[in-house]
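Colleague: Spelled out, the chains give:
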Amino acid sequence: MGILVDQDTRVIFQGLTGATATRMAERAIASGTRVVGGVTPGKGGSRHLSLPVFDSVAEAVAETRPDATGVFVPPAQAAAAMIEAIEAEIPLVVCVTERVPVLDMVRVKQALAGAKTRIIGPNSYGIITPEACRIGVMPDRPHKPGRIGIASRSATLAYEAVAQTTRVRLGQSTSLGIGGDPVHGLDFVDCLDLFLADPKTAGIVLIGEIGGRAEQDAAAFLEDRRPKKPVVAYVAGMNAPPERRMGHAGTVDLLGQGEAIDKIRALEKAGVIVVESANLIGHAMRQALDGAS
Amino acid sequence: MNLHEHQAKSLLRDFGLPIPQGGVATTPEEASALAQVLGGQGWAVKAQIHAGRRKQAGGVRFADSREAVVEAARELLGRPLVTGQTGREGLLVKSVYVETAAEIEQEIYLAALVDRAAGCLTLIASPTGGEKVEAGLAAGEGLVRLSPDAGMAPRDADFAAMASALGLSGDTAEAAAGVLAAVWKAFLELDASLIELNPLAITKSGALAVLDVKMVLDDNALFRHPELEALRDEDEVDPQEREAHRFEMNYVRLDGDIGLMVTGAGLCLATIDMIKRRGGEPANFMDVRPVASGAQIAEGLRILLRSPRVRVILVNAMGGGILRCDTLAEGVAEAYRTAARKLPIVFRGAGTAKELGEMTLRNQGVPAAVFDDLGEAVDEALRLAKTGAA
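Read top to bottom, the protein sequences are chains A and B. The first sequence begins at 0 in numbering that gives the first Met the number 0 and counts up by one. The second sequence begins at 0 in numbering that gives the first Met the number 0 and counts up by one.
Check before you lean on any hint, since a few could be wrong.
What follows is a list of derived Cβ distance ranges for each label pair [to be verified]:
hint	chain 1	residue 1	chain 2	residue 2	range
1	A	K268	B	F222	51 to 61 Å
2	B	T25	A	A57	53 to 63 Å
3	B	Q363	A	E130	42 to 52 Å
4	A	A57	B	G86	49 to 59 Å
5	A	T19	B	N362	41 to 51 Å
6	B	R87	A	A18	16 to 26 Å
7	A	E25	B	G77	30 to 40 Å
8	B	P238	A	K227	30 to 40 Å
9	A	A18	B	E74	47 to 57 Å
Coverage of chain A stretches by chain B, computed from C-beta distances (three or more under 8 Å per stretch; other residues unrestricted) [claimed, not checked]:
hint	stretch
10	90 to 100
11	172 to 184
12	215 to 227
For the record, the hints were derived by calculation from the structure and aren't laboratory data. The structure displayed is predicted, hence computed values, not measured ones. Built from N, CA and C at the ideal position, the CB exists for glycine as well.
I would like the entire structure built from these sequences, with the hints used as guidance.
Modeller: Shown next as structure tokens:
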């Protein structure tokens, strides 16, 4: 169980023969993920990690019928790789690539319109349903199968939440990184919707940060739904240096680039338990679940 | 990558934007010569630094004689200019831009940027530009956007509708629609992340003139534009930030005494939040990218060890699937062993290879205070910053 990926999910890796992809595919296989093949243009017909390698996503789809693909290609090729996967109608695309040009992601979003594919990332640590399926660059330790759904913009803060929810013996149903880039695929609202519908998930952790409106959108969604499952959130950047806060905001904060305090207020108003420090996430979730039962 | 005004104007002129004639001067004499070549009765002399709010800070001068141009250039050049966007020390003015002054009837604000929620490029404008723009927009006055229905393929009619929504008509509206289309095209072709014209002036004769430009290019897309890389002005970046960048770190200098090295930007922000909440002051933001090697991490730590204001270093190492705690510890140990100045180090390890990381520090003789819990590690760093001794 968990969301989007489980022990039955068939996975390919785009860029499988690269160094990081190879290590992460090995780790995925070792922890039970059903990796069925890979794509590296020019290396079609060969085998890597005992898996068949294809020249194109279309060929890989025809031969291996994947449910998901992990995109582990350099930034210059990332958009084309994602679009190839969208056109081949793979249901889930997980892109870990960092430093993808923002206009390339705009083009990917255009290609996504009307398609059935969901995209996680880019600049995401990936997605993991512990001991069932992992597509990404996260550590195996300290994940444990369990009841908490985690969605995060930041990788290492998510690992922090994973370690804490493991320590308080709750474990994780699924943890996924929505990615740190301004334009990306799945958002907090999509994750909340999926976690609320997942019977295995008893509580949800959201980890946000300054910039954008993803946290405010999540708050609006929760205000509307008022779920019974507790939602614990942490928003990083209350004291962010101005250079980090401003980013490319220009003279004027035109589109509401998002201060931490506004996000925290919106989430609290929607009934979310917002912790003031990142080390309190697991404890807050434990308390919320104990109080609720 | 931030561009100087004169660089942005030179790029945008090629897209047909109405940009007054001008040039760059590094001495008062050059400024005077430029004014003569440009001709006319009035000139603007503008400090070239990577920061806005120059006008309010006296960084933009108007001159009605060549003597006044020389005087303005002499006052601006070779001195730091402090604006609302530079920080206390300001930025050194190495050059001025001298351009023909325009007689302004109205000032329009125009920006092109990516709407992250919609995943789409957009244009935003206000009929109240110039210095008044922030007040105007805060009051919600007259903000005009390109129709979201245009998506990524706006037509001439969409640009014309936007010009008309700005309250323009006739030839001025037609020229403004042309400016909108040109800005859109330039953004896409140059892989910008921001193009801001403020003001886009309407002159007394009804013509348009781009008086100031702020332009930022997408660093992640520079591989497509090797020719634009030459526009980078390294002097505008803090030397330590520049150095850290070479070693796969994102670094921002702060004013406190607790040096920070953290795996990941979000976790680093979270660590700063914890320090501030407990009454401490971080000396920096430092996010180690997962691809950093042990040798690069050592160089990053040396930046902290060399900073006179740093009294203690907190290393918050969350080992991931790529960057492991032991790699980080190797780098820390290498820098510490060879450092002239030893500082107390607090090491908080978690995740991949945590124990190996801690063992590396022990075996290599780094007397670090080691913690599992982030809260306890932050408390110890605060205590050491206060007492200055381990």
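Colleague: Each hint should be assessed against the structure and marked as holding or not.
Modeller: Checked hints:
At about 43 Å, the beta-carbon gap between K268/A and F222/B misses the expected band of 51 to 61 Å. Judged by the Cβ atoms, the range 53 to 63 Å given for T25/B and A57/A holds: they are separated by roughly 57 Å. The hint said 42 to 52 Å for the Cβ distance between Q363/B and E130/A, and at roughly 35 Å that hint is violated. Distance hint for A57/A and G86/B: a CB-CB separation of about 53 Å, consistent with the stated range 49 to 59 Å.
The given range of 41 to 51 Å is broken by T19/A and N362/B, whose C-beta atoms sit roughly 28 Å from each other. Against the hinted window of 16 to 26 Å, the Cβ-Cβ separation of R87/B and A18/A comes to about 45 Å, which falls outside the hint. Distance hint check: the CB atoms of E25/A and G77/B are about 58 Å apart, inconsistent with the given range 30 to 40 Å. Between P238/B and K227/A the C-beta distance comes to about 54 Å, which lies outside the given range of 30 to 40 Å.
At about 56 Å, the beta-carbon gap between A18/A and E74/B stays in the expected band of 47 to 57 Å. With 4 residues having a beta carbon nearer than 8 Å to a beta carbon of chain B, the stretch 90 to 100 of chain A meets the requirement of three or more and the stated coverage holds. By the rule of at least three residues with a Cβ nearer than 8 Å to a Cβ of chain B, the coverage given for the stretch 172 to 184 of chain A holds, with 3 such residues. Restraint check on the stretch 215 to 227 of chain A versus chain B: 1 residues with Cβ-Cβ distances below 8 Å, three needed, restraint violated.
Of the numbered hints given earlier, the model fails hints 1, 3, 5, 6, 7, 8, 12; all others are met.
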